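Visitor: Chain A is fixed; fit chains B and C onto it per the hints.
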Amino acid sequence: MTIIQILFWLLSALVLLSAIMVVINRHPVYSVIWLIITFFGISGHYILLNAQFLAVVNIIVYAGAIMVLFLFVIMLMNLNKDMEPQKSKWLKLVGAIACGCLLLVLIAALKDIDINNQIAETNTGNIGLIENLGTVLFTKYVIPFEISSILFLSAMIGAVVIGKKD
Amino acid sequence: MDLMVIDIWLIIEKLALVAIVVSISLLIAMYSTYAERKVAAYLQDRRGPNRAGPFGILQPLADGGKLFFKEEIIPLTSSKFLFVLGPALAMITALMTSAVIPWGGTLNWFERNISLQIADINIGVLYIFGVISLSVYGIMIGGWASNNKFSLLAGIRGASQMISYELAMGLTLIALLMLTGSLKMSVIVEQQINGPWNIVYQPLGFLVFFICALAETNRTPFDLPEAENELNFGYHQEYSSMKLGFYLFAEYIAMFISSAIMATLYFGGYDIPFVNESSLSASIGHNLVTILGGFALLLKVSFFLFVFIWIRWTIPRFRYDQLMNLGWKKLIPLALFNMVITAVVILLLDK
Amino acid sequence: MNALIISAVFGVIMMFTGIFVKQKPVTRNIAIAGVALLLLVNILEMSGIDFFKVHTAGFMLFDRFALLFNSVAFGSTLIYFILSAPDMEKVGHYYADYFALIFFILCGVVLVASFQSLLILFLGIEIISIPLYILTGSNKRNLISNEASLKYFLMGAFSTGIMLMGITLLYGATGTFDTQFMNIETEGTSALVIAGMLLLFFSMAFKVSAVPFHFWTPDVYDGCPTVFTSFMATVVKSAAFVGFIRLFYDAFGSIHDDWKLVAAIITALTLLVGNITAVFQQSVKRMLAYSSISQAGFMLLGLLALNATSKEGIILYATAYSLATIGIFAILLKMNDHSFESFNGFARQQPLLAGVNVIFLLSLAGIPLTAGFLAKFYMLKATLESGDFLWLVILAVIMAAVSVYYYFRLIQAMYFKEGDGNAIEVSPGFKLMLVIVAACLIVLGVFPNLLLNWLYF
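Protein chains in written order, with the working numbering: chain A, 1 to 166; chain B, 1 to 351; chain C, 1 to 457.
The following block holds chain A by itself, in its conformation from the complex (with noise of 0.2 Å):
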């Protein structure tokens, strides 16, 4: 085993477990700050394959922001694990077997996959470096890059419309 091995195998880990914690935890406070901790894993995963730019976006978009304004909510709100309504027994039933399926399915299509020859580049690969990324972004997908600034255009005039005062 070697270091990248090792790391590899405890973020995984770690990933793994706190993102199980999330969907276990019963206080919506505690499941936020451990979706936070799988966003450190991601980024460690991406540090692996040298993408320091997607880790860094990341842990500041995701971790910095996003669960900022998540712990916001559910603080205000005074979310508590009383609070959680009980599921009936048949809807528990029937989200166990839709998510059993899914589950199904996805572990027969990773299961087959030929993974010697599209190994990932732990390290050595570098379009996860900024300069790369800037260049790809700005070439080849300048049209979709164009685009999505429509989205956020008419997301943040959505977002003015729902909040300002009538």
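If you're looking for bench data, these hints aren't it; they were derived computationally from the structure.
No experiment lies behind these values; they were computed from the predicted model shown.
Careful: at least some of the hints might be erroneous.
Claimed, not checked - No farther apart than 30 Å at their CA atoms in a straight line, the calculated lysine-lysine pairs in the BS3-like style are these:
1) C:K151 x A:K92
2) C:K24 x C:K334
3) C:K334 x A:K165
4) B:K330 x C:K22
5) A:K140 x B:K184
6) C:K53 x A:K140
7) C:K90 x C:K334
8) C:K151 x A:K111
9) A:K165 x C:K90
10) A:K165 x C:K431
11) C:K22 x C:K431
12) C:K90 x C:K24
13) A:K89 x C:K151
14) A:K164 x C:K24
15) B:K330 x A:K164
16) B:K329 x C:K431
17) C:K22 x A:K165
Guide: Just chains B and C now, kept in the frame of chain A:
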């Protein structure tokens, strides 16, 4: 960069550097409390601390000792783990930023070039930004875990203030990055050593950045999270002993670090003003110049620390709506304007 | 490209109109002029005059199908603006911003109709969805509107997540976002591709509200301010269908046999549930919501068949369905409440409006001589041409017969029931416009090639 081959000396060197940087930060933070009180005293025509040691120079030690020996109280109804996590996070995030700041050039010892920067990563400026965006959690989690309405309100106030001012800060950084063309802190300083400081090109950007830095460190006039008259004592109302100390201390460390960032980004970092480094190092030696550069940086930092303190004892606190108006309606448009102007000028000069 | 850029620019223009123009009629006229301009430049582009020479790098392809659908969408929006724009004033204070959001939605419609890359599909779907969440909740004082908006947002976000997951799996399997170059093998398709395709299928099925992904539709259509429901149920829905068909035609046409059965089951369920539930509705608005589900079932037949006839059919269907539904909603907007009873005695008060309303309803039900009939006919023909699914065709015909019941209930209320109803006042221009729309439906019902020839010449 290969993680497989471990250079044992590099690790020792970096660990030593981390230890030195952290202890210097702590030391400076300690003495900024002293400076704060002395400057306040001077501005208010008093003497300030003068009992512990000559000129009261041991006062911070006495304060620290007092905090350590006070009784620890953890409120019964709070979430214990988060209650402890809050101050720890505040402290960690305050110290983490120091990793990418170049504290000086290179030292040439034992045939090794030792860089006085802990990690010269590709995304230096963004790293700082990322850590700053995380510093919200210390306040928020602490405020919430206290299970006290005042603390919660203060925590949410602090968080929304920090998020709002982060935007303007990011926009000024974009203008700066267009100028430097690199996110590496070392490259940014290198450029300023060889050319004029960035403040010459970005006076407006620096102004906005400075105001945002005040807000990010929760210093007056932006210290709403701890506004005594409105929120009792703010988000650390329920804290006692060293946990309170951590919160108070983290503020001073954040002050120190953000001064260092401002000095690095806009005021040439470890560049000694009006001196040509390369000709100086020919006459007095490379190592000495590096050390002098480090002192130059510390001097710039001290100046900023003084400005921070000066502002605190001069300007009254904002009201909350004024704070939000300033952030969203004044600083962000200003920063955007600055960004656009910078972009246009760069484009015109390139053509 | 013309329409994409101009619709985005008009979105921004409408934003500024909100600041500088205080008179609502002026705002409205600017918006109407904007859509008319969009329609014009789009028709010009169909005849080969492209103002913006943008190299799309294979992300989008403005073929006849895309351009023709864009024209249909812009035409429907134009009619919608002329008929219903005055009613938007009642919703809230941000009159100009609503128009801006609708222009952005049109931008998304153009993207969804012409994408060649999954990235653009995703962006298009999102550009359509986000303004719609806002429009749904635009009546801020009304709790039902708020609830509908939140529900729509949560479900929509969830389905977007599923779509992204599907796109990720497909990218992992094929190494490209480009729908033309996925090169999916017919034999021994990798399970990743199948999983990704299914996830995409489900998320698109959500967007077109196919059963069993339809649960949001009645609540959202009901809670949304009626004037926006009209837009949502017509232009947006047909755009989602065009995107759906385009995606499966381009990317998964080679493995048609693998997903045919899933599509058939979903189509059958949609036809059944949509029509049967619509029978029991007491409010016209809710009935129209379920009817939109049942019409989605017919449009799904086009997806199932996936041949040239189905492409013609979907264009015709989108036109017929959009025009008729916009017309009915325009009349519904003038009523005081949305129950069937409020239409009692309507024919005596407003004989002309009742008359055109009958034409719209007949078209929706698929009675011959209306465009709706031919649209359904094309769909069934396409399905028969593709073979295999005779049982589905029979089911669809039975369900069309069921739909006649609830559409005729409205006609019965208008003509054969006594009632004071609510005296509504409409302008002559409104009446004229409705008559024109009804005339369009009949003309298209007799000469569908007036529209469909554009696909080829």
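Visitor: When the structure is checked against the list of hints, which entries are broken? Sort them ascending.
Guide: 8, 10, 16
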